[in-house]
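*Asks:* This is what each chain is made of:
2 protein chains.
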Amino acid sequence: MRDFSKDHSSLALNTATLGHNVEGHGAGWSPEQIIDACAARGMAGIVFWRREIGDRAVEIGERVRAAGMRVVGLCRTPYITGSEAPGTLDEARASVDMAAALGTDVLTIVTGGTEPGTKGVLESQKKLADRVSDLAEYAAKTGVNLALEPLNPMFGGNRTCLFTVREAMNVCRAIAAPNVGIAVDVYHVWWDTTLTESLAEAKGRILGYHLCDWLEATGDMLLDRGMMGDGVVDLKSIRRDVESAGYAGACEVEVFSAQDWWLRDPNEVLDTMVERFRTVC
Amino acid sequence: MRDFSKDHSSLALNTATLGHNVEGHGAGWSPEQIIDACAARGMAGIVFWRREIGDRAVEIGERVRAAGMRVVGLCRTPYITGSEAPGTLDEARASVDMAAALGTDVLTIVTGGTEPGTKGVLESQKKLADRVSDLAEYAAKTGVNLALEPLNPMFGGNRTCLFTVREAMNVCRAIAAPNVGIAVDVYHVWWDTTLTESLAEAKGRILGYHLCDWLEATGDMLLDRGMMGDGVVDLKSIRRDVESAGYAGACEVEVFSAQDWWLRDPNEVLDTMVERFRTVC
Chain A
1 MRDFSKDHSS
11 LALNTATLGH
21 NVEGHGAGWS
31 PEQIIDACAA
41 RGMAGIVFWR
51 REIGDRAVEI
61 GERVRAAGMR
71 VVGLCRTPYI
81 TGSEAPGTLD
91 EARASVDMAA
101 ALGTDVLTIV
111 TGGTEPGTKG
121 VLESQKKLAD
131 RVSDLAEYAA
141 KTGVNLALEP
151 LNPMFGGNRT
161 CLFTVREAMN
171 VCRAIAAPNV
181 GIAVDVYHVW
191 WDTTLTESLA
201 EAKGRILGYH
211 LCDWLEATGD
221 MLLDRGMMGD
231 GVVDLKSIRR
241 DVESAGYAGA
251 CEVEVFSAQD
261 WWLRDPNEVL
271 DTMVERFRTV
281 C
Chain B
1 MRDFSKDHSS
11 LALNTATLGH
21 NVEGHGAGWS
31 PEQIIDACAA
41 RGMAGIVFWR
51 REIGDRAVEI
61 GERVRAAGMR
71 VVGLCRTPYI
81 TGSEAPGTLD
91 EARASVDMAA
101 ALGTDVLTIV
111 TGGTEPGTKG
121 VLESQKKLAD
131 RVSDLAEYAA
141 KTGVNLALEP
151 LNPMFGGNRT
161 CLFTVREAMN
171 VCRAIAAPNV
181 GIAVDVYHVW
191 WDTTLTESLA
201 EAKGRILGYH
211 LCDWLEATGD
221 MLLDRGMMGD
231 GVVDLKSIRR
241 DVESAGYAGA
251 CEVEVFSAQD
261 WWLRDPNEVL
271 DTMVERFRTV
281 C
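Chains A and B, in that order, give the protein sequences. Counted the way the numbering used here counts, the first sequence spans residues 1 to 281. Counted the way the numbering used here counts, the second sequence spans residues 1 to 281.
Here chain A stands alone, though its shape is the one from the complex:
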């Protein structure tokens, strides 16, 4: 297991930690401000959300690399299943193009929920596998990998049809494309006591590792995540399992926190991230 106690060169910022994933929230920093602040702190890189990029993907990607970092990933495709998914893969393909233009090799997929007219999740998972299979073929041409992210079961219904690492790997195996893997976010999987076993089965397939914490008394399903160390997640234990499964990439901090961290000065947020990364992750 890597020793981060004096080294945060594997730390990355997911800009959701500054509230940039949701319209009307957050610091409102430009990509350039974010790049400078992360580079000044010696981070590995940044994960952006599509809404920040617009038509400036090439320019922003180059700016990140010029600052000595890399674009660690892009969040995310539109939903692929469920009633909120667009009827075609056009927008998903456009998000692949954006990832390629940014020069990142990881595009995250939050799957979307239960397909209209069906119950449970099995039929939705089958549709998901079919559609991601198509998308993977397109993405392979541009060198982009697709990371299926299982979400906490509270997001079943309209946001996901993948709830555990095991299920995400089942769909991965069904797709059987070399550029499809999974993303592991501690917020979504911390409670799963079969994680050691299921992460071992994900060997070589982990494309991203997301950090935050689960607050003991979570007040809001979506926007009340904790900073690492402030909650009940056994962070070191999960990282040990993730690294045993071959993951040696960046650890991206993704804290959705409308009532706490998003209200603070971004400089304080970034400094806290560095300190917590070295001490509790």
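Errors might be hidden in some of the hints.
List time: in silico BS3-like cross-link candidates among lysine-lysine, alpha-carbon distance up to 27 Å [to be verified]:
#1 A/K236 <-> A/K141
#2 A/K126 <-> B/K236
#3 A/K127 <-> B/K141
#4 A/K203 <-> A/K126
#5 A/K236 <-> B/K126
#6 A/K6 <-> A/K236
#7 A/K127 <-> A/K236
#8 B/K236 <-> B/K6
#9 A/K236 <-> B/K127
#10 B/K203 <-> B/K236
#11 B/K127 <-> B/K141
#12 B/K141 <-> B/K126
Since the hints were made in silico from the structure, they are not lab data.
Fit chain B to the given chain A structure using the hints.
*Replies:* Coordinates of chain B only, in the frame set by chain A:
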């Protein structure tokens, strides 16, 4: 699998469906009004919450039986683990006494969350097993069975340390007391694609089966459950698995719904329960 299409004699009301689990909510009907309304509709019985019972357990139990029904269960012990659990089992023992006085043989346990000073859930599960083991010994003297209820992972942290049927059964097996089993609530377990398998392993240990639905767009973690048929849960499939595991008891409807069903006339709620039970459960 039982055919309920013309028969709702297995249907029970959990009074949370009338908002009686939360102070300041709900219809405010007396236990007697509830008993009369359920008996008039030919239901199997009622599950009460401790706050409704006060010191009238014997009287209310007798009233239920005089109406031709039974007290299907009592909700619930105080938390057994986590920072909100009382420091002793005294209150839990009092809830066993209340169940016995009501004349019900099922007392539900919502475990409580992660033990103070620990991370993750494994240590909390061990403490849970120890404490429920003690409580089971006490409960055995009064003929009360304890039903460990796994909750949706969104309730990790402060409300539960059991997230799946499999985990609840692991703790059950660790306790190895004849009067400890599990409760299966579709709201908490609907998303789990290993359910068929894990319910099969729970054969003979299922003490309660709870019905509601998971709304596609759930707006609140606690109080936004759907009436059966209004959401994405594959209700018949879960009941098939529950019955294959030997469960032949009552199906209790437990809909926490502050913004919808709790605002309606309880008579409408009860009539809807009957109709949905016959058609979609």
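*Asks:* Can you confirm whether the C-alpha distance between A/K127 and A/K236 stays at or below 27 Å?
*Replies:* 35 Å, violated
*Asks:* Run the distance test for B/K141 versus B/K126: straight-line Cα separation, threshold 27 Å.
*Replies:* Within the cut-off at roughly 24 Å; holds.
*Asks:* B/K203 and B/K236 were given as a pair; does the straight-line alpha-carbon distance stay at or below 27 Å?
*Replies:* Holds: B/K203 and B/K236 sit about 18 Å apart, inside 27 Å.
*Asks:* Within a Cα-Cα threshold of 27 Å, do A/K236 and B/K126 meet the stated pairing?
*Replies:* 20 Å, holds
*Asks:* Has the given pair, A/K6 with A/K236, been kept, meaning a C-alpha gap of at most 27 Å?
*Replies:* This hinted pair holds, its Cα atoms lying about 15 Å apart.
*Asks:* Between A/K127 and B/K141, does the CA-CA distance stay at or below 27 Å?
*Replies:* The given pair, whose Cα atoms are some 53 Å apart, is violated under the 27 Å limit.
*Asks:* Take the C-alpha atoms of A/K236 and A/K141, compute the straight-line distance between them, and say whether it is at most 27 Å.
*Replies:* Violated, at roughly 36 Å.
*Asks:* Is the hinted pair A/K126 and B/K236 satisfied, with a Cα-Cα distance of at most 27 Å?
*Replies:* The hint holds at about 20 Å.
*Asks:* Hint check: B/K236 vs B/K6, CA-CA at most 27 Å. Holds or violated?
*Replies:* 15 Å, holds
*Asks:* Hey, A/K236 versus B/K127, does the alpha-carbon distance stay inside 27 Å?
*Replies:* 22 Å, holds
*Asks:* Is it true that the CA of A/K203 sits at most 27 Å from the CA of A/K126?
*Replies:* 23 Å, holds
*Asks:* Checking one constraint from the list: CA of B/K127 to CA of B/K141, max 27 Å. Satisfied?
*Replies:* Cα-Cα ~22 Å, so holds.
Checked against the numbered hints above, the structure breaks hints 1, 3 and 7 and satisfies the rest.
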